[in-house]
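Chemist: Chain by chain, the residues run as shown.
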Amino acid sequence: MEEIVIIRDVLEANNNVAHENKAIKDERNILMVNLIGSPGAGKTTFILRAIENLKVPCAVIEGDVTSDIDARKMAERNIPVVQINTGGSCHLNAGSVNKALKALSFDDGIVFIENVGNLICPSAFELGEDFKLAMANVPEGDDKPYKYPALFTKAKAVVLNKIDMLSFFEFNKKFFYDGIRALNPDAPIFEVSARTGEGFGEFAKWLEEEYHKFRQDK
Amino acid sequence: MHELSVTQSLVDMVLEEAEKREVKKVTKVTVVIGELTGLESESIKFYFDILSENTVAEGAELTFKIIKAQFKCRQCGTIFERSNFTFNCPVCGGVGVLVNKGKEFYIESIEVE
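If you read the sequences in order, they're chains A and B.
Note that my numbering has the first sequence beginning at 1, numbered continuously upward.
Note that my numbering has the second sequence beginning at 1, numbered continuously upward.
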């Protein structure tokens, strides 16, 4: 019997493709945002509203277990979109995004990746994105940073959606903010309502700045 | 739920390392998992047994080293592990900030015959 020390990252294969994706999207001047939130968080409505408010051209990669309902909503508004169906898998991986990026005819702008609705699995897989955007929402409760720390640790910014519902739910904003601050002290938190459009001016301004920084740094 | 795809990567990697060294049998695999990966060791074990069937890793014992996430108190500097629904310091009650631990996920070693 012999013990062999290995020390190898188990997600190495995925990470290698993620690096390739990063090179592809950098070459095409794309800032890629990986949006992660639970089913029903309002991710699709959020992306539509964000695109309305952004002065930078945008496209979308839609991830779903099955169906193209979300992709059709984008296409109806003439937003360039590619649908990925994971066929049962609970998250997008770098390989599926690689195919989607190659199929997407879009350069010089922001690409939103709408990940599969799930707060756990998508946060484990790098896709080659510039950053992750974590979405929480008022009806699902203020305890999400405590229950799903991985996502809130890795996100560059946090969106709290459905802020117009605040008077209907017992949502303790301080508890929510404290949880995020412990995990991720510098992440900006945007309070928005994708339904009413509240808060999108500030979010769009921040994302446009990120895009211009990305273009300048290249 | 994503344990199936990560366990497939794990098995692939173990088999690749075994093949490189031309071993006949892998008897033990030690995996390090950080708490913040959200990976559940029981599910990994369940899938590992299925995915390693009819390979040199079939029947290998899978052991895990779990690494807890750690927080450092902003007020008194105590390093602590969280309890449920709070990231506050157990000593002074101050607000903790995550230190870079708990995100690990790698194969540490294999035992072979």
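Worth double-checking, as some hints may not be accurate.
[To be verified] 30 Å max Cα-Cα, derived DSS-like pairs, lysine-lysine:
| no. | chain 1 | residue 1 | chain 2 | residue 2 |
| --- | --- | --- | --- | --- |
| 1 | A | K99 | B | K101 |
| 2 | B | K103 | A | K22 |
| 3 | B | K68 | A | K102 |
| 4 | B | K72 | B | K101 |
| 5 | A | K22 | B | K25 |
| 6 | A | K154 | B | K72 |
| 7 | A | K174 | B | K103 |
| 8 | A | K173 | A | K102 |
| 9 | B | K24 | A | K156 |
| 10 | B | K20 | A | K147 |
| 11 | B | K45 | A | K102 |
| 12 | B | K20 | A | K154 |
| 13 | B | K68 | A | K174 |
| 14 | B | K20 | B | K65 |
| 15 | B | K28 | A | K174 |
| 16 | A | K55 | A | K156 |
| 17 | A | K174 | A | K99 |
| 18 | A | K174 | A | K22 |
| 19 | A | K147 | A | K174 |
| 20 | A | K173 | B | K68 |
| 21 | B | K72 | A | K173 |
| 22 | A | K147 | B | K25 |
| 23 | B | K101 | A | K156 |
| 24 | A | K156 | B | K20 |
| 25 | B | K72 | A | K218 |
| 26 | B | K101 | A | K173 |
| 27 | B | K101 | A | K174 |
| 28 | A | K147 | B | K65 |
| 29 | A | K154 | B | K24 |
| 30 | A | K173 | B | K20 |
| 31 | A | K147 | A | K55 |
| 32 | B | K24 | A | K147 |
| 33 | B | K103 | A | K154 |
| 34 | A | K102 | B | K20 |
| 35 | A | K102 | A | K73 |
| 36 | B | K65 | A | K218 |
| 37 | A | K173 | B | K45 |
| 38 | B | K103 | A | K213 |
Hints listed in this document are in silico derivations from the structure and should not be mistaken for laboratory results.
Chemist: Confirm or reject each hint.
Modeler: How the hints compare with the structure:
Under the criterion of a C-alpha separation no larger than 30 Å, the hint pairing K99(A) with K101(B) is inconsistent with the structure, at around 33 Å. Between K103(B) and K22(A) the alpha-carbon distance is near 22 Å, which keeps this suggested pair within the 30 Å criterion. For the hint linking K68(B) to K102(A), the alpha-carbon distance of about 39 Å lies beyond 30 Å, and the restraint is violated. Among the hinted pairs, K72(B) with K101(B) is consistent with the structure: their alpha-carbon atoms are about 11 Å apart, no more than 30 Å.
This hinted pair does not check out: K22(A) and K25(B) have alpha carbons roughly 38 Å apart, beyond 30 Å. Pair hint K154(A) plus K72(B) holds up; C-alpha atoms about 18 Å apart against a cutoff of 30 Å. Under the criterion of a C-alpha separation no larger than 30 Å, the hint pairing K174(A) with K103(B) is consistent with the structure, at around 26 Å. This hinted pair does not check out: K173(A) and K102(A) have alpha carbons roughly 41 Å apart, beyond 30 Å.
Taking the CA atoms of K24(B) and K156(A), the gap is about 46 Å. The hint is violated against a cut of 30 Å. Annotation: proposed proximity of K20(B) to K147(A) is violated, straight-line Cα distance about 41 Å (limit 30 Å). About 36 Å separates the Cα atoms of K45(B) and K102(A), which puts this hinted pair outside 30 Å; it is violated. For a cut-off of 30 Å, the pair hint linking K20(B) to K154(A) is broken: about 35 Å separates their Cα positions.
Between K68(B) and K174(A) the alpha-carbon distance is near 25 Å, which keeps this suggested pair within the 30 Å criterion. Straight-line distance between C-alpha atoms of K20(B) and K65(B) comes to about 25 Å, which keeps the hinted pair within the 30 Å bound. Restraint check: the Cα-Cα separation between K28(B) and K174(A) comes to about 47 Å, which exceeds 30 Å; the hinted pair is violated. Restraint check: the Cα-Cα separation between K55(A) and K156(A) comes to about 21 Å, which is no more than 30 Å; the hinted pair holds.
Straight-line distance between C-alpha atoms of K174(A) and K99(A) comes to about 41 Å, which puts the hinted pair past the 30 Å bound. Note on K174(A) and K22(A): the hinted pairing is violated, with a Cα-Cα distance of about 36 Å set against a maximum of 30 Å. For the hint linking K147(A) to K174(A), the alpha-carbon distance of about 16 Å falls within 30 Å, and the restraint holds. Between the alpha carbons of K173(A) and K68(B) the distance comes to roughly 27 Å, so the proposed pair stays at or under 30 Å and holds.
Under the criterion of a C-alpha separation no larger than 30 Å, the hint pairing K72(B) with K173(A) is consistent with the structure, at around 23 Å. Taking the CA atoms of K147(A) and K25(B), the gap is about 40 Å. The hint is violated against a cut of 30 Å. Annotation: proposed proximity of K101(B) to K156(A) holds, straight-line Cα distance about 18 Å (limit 30 Å). In summary, the hint linking K156(A) to K20(B) is not supported, as the alpha carbons are separated by about 39 Å, beyond the 30 Å threshold.
For the given pair, K72(B) sits about 35 Å from K218(A) by alpha-carbon distance, which is inconsistent with the 30 Å threshold. Taking the CA atoms of K101(B) and K173(A), the gap is about 27 Å. The hint holds against a cut of 30 Å. This hinted pair checks out: K101(B) and K174(A) have alpha carbons roughly 25 Å apart, not beyond 30 Å. This hinted pair checks out: K147(A) and K65(B) have alpha carbons roughly 22 Å apart, not beyond 30 Å.
Distance restraint check for K154(A) and K24(B): the Cα-Cα separation of roughly 40 Å exceeds the 30 Å cut-off, and the hinted pair is therefore not satisfied. Using a Cα cut-off of 30 Å, the hinted pair K173(A) and K20(B) is violated, with the two alpha carbons roughly 54 Å apart. Note on K147(A) and K55(A): the hinted pairing is violated, with a Cα-Cα distance of about 35 Å set against a maximum of 30 Å. For the proposed pair K24(B) and K147(A), the alpha carbon gap of about 43 Å is over 30 Å, so the pair is violated.
This hinted pair checks out: K103(B) and K154(A) have alpha carbons roughly 10 Å apart, not beyond 30 Å. Using a Cα cut-off of 30 Å, the hinted pair K102(A) and K20(B) is violated, with the two alpha carbons roughly 34 Å apart. Simply put, K102(A) and K73(A) have alpha-carbon atoms about 21 Å apart, close enough for the 30 Å limit, and the pair holds. A hinted pair counts as satisfied when its Cα atoms are at most 30 Å apart, and K65(B) with K218(A) does not qualify at roughly 40 Å.
Taken as a hint, the K173(A) and K45(B) pair is broken in the structure, with Cα atoms around 39 Å apart against an allowance of 30 Å. For the suggested pair K103(B) and K213(A), the alpha carbons sit about 28 Å apart, so the restraint of at most 30 Å is met.
In the structure shown, a violation is registered for the earlier hints numbered 1, 3, 5, 8, 9, 10, 11, 12, 15, 17, 18, 22, 24, 25, 29, 30, 31, 32, 34, 36 and 37, in ascending order.
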